[in-house]
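Construct the entire structure; sequences and hints are all you get.
Numbering (this note's numbering), first residue to last: 50 to 108.
Derived by calculation from the structure, the hints in this document are not laboratory data.
Predicted model, so just to flag it, every value in this text is computed and none were measured.
For every residue, glycine included, the Cβ atom is placed at its ideal position computed from N, Cα and C.
Mixed in with the good hints there might be a few duds.
Unchecked claim - What follows is a set of in silico ranges between Cβ atoms, one per label pair, in the way DEER data are often shown: (1) 66 / 93: 35 to 45 Å; (2) 92 / 68: 27 to 37 Å; (3) 57 / 77: 26 to 36 Å; (4) 93 / 69: 25 to 35 Å; (5) 97 / 70: 36 to 46 Å; (6) 102 / 78: 33 to 43 Å; (7) 94 / 72: 22 to 32 Å.
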Amino acid sequence: MANQKMDKLQLGKKDSQEVIIQFTQIASILRKYREMFLLNFVKFILSGSALLEAIIFYI
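Structure follows, in structure tokens:
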């Protein structure tokens, strides 16, 4: 009985370690692309506001 509990605990530990590893991988990927995301976001906002100005100007 105690052995089964230990096995379950170790399985849980392994799962949480894998989850942490996945999170750190995702975080590093996001860090890598964050600047690109920010640049594209700024471009998107600028093009959006330019589009808005064009629409307002057209009206």
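Tested hints:
{"no.": "1", "hint": "66 / 93: 35 to 45 Å", "result": "holds, 38 Å"}
{"no.": "2", "hint": "92 / 68: 27 to 37 Å", "result": "holds, 34 Å"}
{"no.": "3", "hint": "57 / 77: 26 to 36 Å", "result": "holds, 31 Å"}
{"no.": "4", "hint": "93 / 69: 25 to 35 Å", "result": "holds, 33 Å"}
{"no.": "5", "hint": "97 / 70: 36 to 46 Å", "result": "holds, 38 Å"}
{"no.": "6", "hint": "102 / 78: 33 to 43 Å", "result": "holds, 35 Å"}
{"no.": "7", "hint": "94 / 72: 22 to 32 Å", "result": "holds, 29 Å"}
Comparing the model with each earlier hint shows no violations; every hint is respected.
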